[in-house]
Amino acid sequence: MNPSPASSDAPAVLPARTYLNAPDTGLMSWANTRDHKRVGVMFLVSTTIAFFLGGVFALLIRLELLTPGPTIMDAMTYNRLFTLHGVVMIFLFMIPAIPSGFGNFLLPLMIGAKDVAFPKLNLLSFYLYLAGAAVAIYGLIYGGTDTGWTFYTPYSTTTATKVVPVLLGAFIIGFSSILTGLNFIVTTHTMRAPGLGWNRLPLFVWAIYATSIIQILATPVLGMSLLLVAVENAFGWGIFDPARGGDPVLFQHFFWFYSHPAVYIMILPAMAVISEVVCAFSRKNIFGYKAVAYSSLGIAFVGFFTWGHHLFVSGQSVVDAGIFGVLSMFVGIFTAIKVFNWTATLYRGSIAFKTPFAYFVGFLFFLVFGGMTGVALATLSLDVHWHDTYFVVAHFHFIMVGATVMGFLAALHYWLPKISGRMYPEGWGLVAAVMVVLGFNFTFIPQFLLGNEGMPRRYFSYPEHFWALNVASTAGASVLGFGLLIVLVYTLASLRWGPVAGPNPWNSRGFEWATPSPPPPENFDATPVYTSGPHEYDEQAVPQPQLPEPEPRHV
Amino acid sequence: MSETTALNRLAHHFESLDKQQQAARLGMWLFLATEVLLFAALFAGYGVYRYLYSDTFVRASRDLHTWIGGVNTVVLITSSFTVAWGLDFAARGRGDRTRLLFGASIALALVFLALKYVEYSEHFHEGQLPGRYFTYEGLGPGPGGPIFYALYYLITGLHGIHVVIGMTVLAVIGFRAGQGAYTAEYHVPVELAGLYWHLVDLIWIFVFPLIYLA
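So the protein lines, in turn, are chains V and B.
Add 18 to a position in the first sequence, counting from 1, and you land on the number used in the numbering used here.
Add 7 to a position in the second sequence, counting from 1, and you land on the number used in the numbering used here.
Since the hints were made in silico from the structure, they are not lab data.
You may find that some hints are simply not true.
[What the hints assert, rightly or not] In silico SDA-like links for lysine to any residue, alpha-carbon gap of 20 angstroms or less:
| id | chain 1 | residue 1 | chain 2 | residue 2 |
| --- | --- | --- | --- | --- |
| 1 | B | K26 | V | H207 |
| 2 | B | K26 | V | F542 |
| 3 | V | K138 | B | L17 |
| 4 | B | K123 | B | L217 |
| 5 | B | K26 | V | R210 |
| 6 | B | K123 | B | V195 |
| 7 | B | K26 | V | P212 |
| 8 | V | K138 | B | Q27 |
| 9 | V | K138 | V | A49 |
| 10 | B | K123 | B | T80 |
| 11 | V | K138 | B | V195 |
| 12 | V | K138 | B | L37 |
| 13 | V | K138 | B | P196 |
| 14 | V | K138 | V | F193 |
| 15 | B | K123 | B | Y219 |
| 16 | B | K26 | V | K308 |
| 17 | V | K138 | B | N15 |
| 18 | V | K308 | V | V320 |
| 19 | V | K302 | V | G367 |
| 20 | B | K26 | V | W216 |
| 21 | B | K26 | B | L37 |
| 22 | B | K26 | B | L202 |
| 23 | B | K26 | V | G215 |
| 24 | B | K123 | B | H72 |
| 25 | V | K138 | B | H72 |
| 26 | B | K26 | V | F193 |
| 27 | V | K138 | B | R32 |
| 28 | V | K138 | B | K26 |
| 29 | B | K26 | V | A544 |
| 30 | B | K26 | V | T545 |
| 31 | V | K138 | B | H19 |
| 32 | V | K138 | B | Q29 |
| 33 | V | K138 | B | L24 |
| 34 | B | K26 | V | A211 |
| 35 | B | K26 | B | A98 |
| 36 | B | K26 | V | P137 |
| 37 | V | K138 | B | L33 |
| 38 | V | K138 | B | R69 |
Just so it is clear, the structure is predicted and the values come from calculations on it, not from any experiment.
The task is simple: from the sequences and hints, build the whole structure.
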């Protein structure tokens, strides 16, 4: 993790004093750090490990589904494996990866602050994440859970597998998520540097702010409902157990009251990244700043009133289902506002087709097609047909995983020079991006088709006539896995051998690039004063023509 | 003297003590919002089962000692008053008085817990236990009784845990106030402790009619 001395032929040199080597480089200085950048990096490392594990589980699942009958494992192992895949990917990777990882690193840099408002809470949030991950993985490996990540009652209260540790793990990780969200909201409200009004905030900050609102309002309800399932599973209190007069559908309401907004905890941060990337690589001011900023809040708000679309076949009344369906489509409107503004930003821009931009293109594709299938699924009559089929699996992998992973990878490439001071290899980056985007499509487009033909999700075996499409899906998954492996290898290699990037390799006008890369521990030498908006590429509007970028003047 | 103390309180990453205290207050309010939602899930669950098993829930509620719940309500509201009074003294630099009043609040909280203990032990003797442990026969057959008591223990138990946490917070902050750790300029920890205690009180104000006056 420590930067090695710059090689002699590199045009730029790493700053002598960065957050990576000051105040200290020892393990304890990381374990005790209050620095938001170090906490962010620790989150990035742990969530990447979780991503790797979840990916391996996914490949094992696809391998099992390569043939109609048993292929490499028995049915129970398969059940445990898809639960493992879901829990690790959602709770350990997608929810924390961009907000707690990149958000932690970038939010204070983008608002000209020295740190987040509560640095100790921030570190605590990381340790809660580790503790929750340890408890959950213990439960998943020893004993295993076969309920799927949704823990639906009454099965989850009667299964013989170890559900309680997994529930407690997710509960603890929930607190990590709450603390991070709380910290970001307070930081955005109280720590903006002079001149940085709300309408000058980078769009990344807006979307992370909206994410944080969801995190603090929805996560407590999930915590409570998981706790109730744990109490029920361990002691038989009967809250969700129909045999004792409990109502299992109530659990579904509680669960999706969190878990549907949680989808926006995953996708909004990806949108945050994309708003930055699209400006930097088309060298244009964002088109419709306020529309993009406020639509994040719109998604966060309306996201709280859509959970019922998961209960269309659970005995919910048709009137409720209709209302939830329409409200769900509102999310599509806010998302479309963003999509049109991003594409309008490209218009007559000076586009640099670098790796982050390649992931932006992939993101748009997955978001639009995942989003449109989402609107189709929110239609009651169609959903009754598609419910619990591979169509749903493909839909949520497109929008929630595809788009989020594109955002994550775009962020990784765009900000790797900011975080490490070194560049990744551009050629390999593009090759991997093409493999990832194509592999993802080849994995999940067959699953859309399978679902439409009626193949149910979570099944261990399937009839022969689904075979060909399953083979296609598995082939796609291996291309995807290989592409991601390439990313992992060259990213790790460039941390050590990558060419030194200099403070702003993209010539980006994002506020976070106004400090050296990697930044010093205190971020800025003096509190910056902001005199222009973010993503300002309009040369006439730059207040000081002699400066190549609207770098905050030090006062 | 007090000014230097105030300056020492300023964390390195804030521009002014004022901003820092503003951040602390906002953080606490957000935390309280998460607490409200934690209980909101339980209250929603209670509402659902109150609707499904309304007769049993009404009878189960009549079984409870309304006077204990009522006295406890008065006790908690009084304890909130002494906390608010203590904060008022802290704001005028009288930490010694804050300690005294926070001590009074802790004593009232102990009264609350003692009364809760009386209630719990009576339920235990009667077999009014949650879920599969329920053996009480006074509510007749049907699943309403065990579910009522499952929710009863979950809600009052979680609230009780909050009371204990609140007492600990009041004890620590009251003790430090007595040592003179806070000044008229800097007493935001006293304020936050008070906010937390008021929330514990406020939740009870919802619990009492919900469970005792159903």
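A quick look at each hint next to the structure:
no.	hint	verdict
1	B:K26 to V:H207	holds (10 angstroms)
2	B:K26 to V:F542	holds (19 angstroms)
3	V:K138 to B:L17	holds (15 angstroms)
4	B:K123 to B:L217	holds (16 angstroms)
5	B:K26 to V:R210	holds (11 angstroms)
6	B:K123 to B:V195	violated (31 angstroms)
7	B:K26 to V:P212	holds (13 angstroms)
8	V:K138 to B:Q27	holds (14 angstroms)
9	V:K138 to V:A49	holds (12 angstroms)
10	B:K123 to B:T80	holds (11 angstroms)
11	V:K138 to B:V195	holds (17 angstroms)
12	V:K138 to B:L37	holds (17 angstroms)
13	V:K138 to B:P196	holds (16 angstroms)
14	V:K138 to V:F193	holds (14 angstroms)
15	B:K123 to B:Y219	holds (13 angstroms)
16	B:K26 to V:K308	violated (27 angstroms)
17	V:K138 to B:N15	holds (18 angstroms)
18	V:K308 to V:V320	holds (18 angstroms)
19	V:K302 to V:G367	holds (6 angstroms)
20	B:K26 to V:W216	holds (17 angstroms)
21	B:K26 to B:L37	holds (16 angstroms)
22	B:K26 to B:L202	holds (19 angstroms)
23	B:K26 to V:G215	holds (16 angstroms)
24	B:K123 to B:H72	holds (11 angstroms)
25	V:K138 to B:H72	violated (44 angstroms)
26	B:K26 to V:F193	violated (25 angstroms)
27	V:K138 to B:R32	holds (16 angstroms)
28	V:K138 to B:K26	holds (17 angstroms)
29	B:K26 to V:A544	holds (18 angstroms)
30	B:K26 to V:T545	holds (15 angstroms)
31	V:K138 to B:H19	holds (13 angstroms)
32	V:K138 to B:Q29	holds (17 angstroms)
33	V:K138 to B:L24	holds (18 angstroms)
34	B:K26 to V:A211	holds (12 angstroms)
35	B:K26 to B:A98	holds (18 angstroms)
36	B:K26 to V:P137	holds (15 angstroms)
37	V:K138 to B:L33	holds (16 angstroms)
38	V:K138 to B:R69	violated (47 angstroms)
Going down the numbered hints, you'll see the structure goes against 6, 16, 25, 26, 38, while the others check out.
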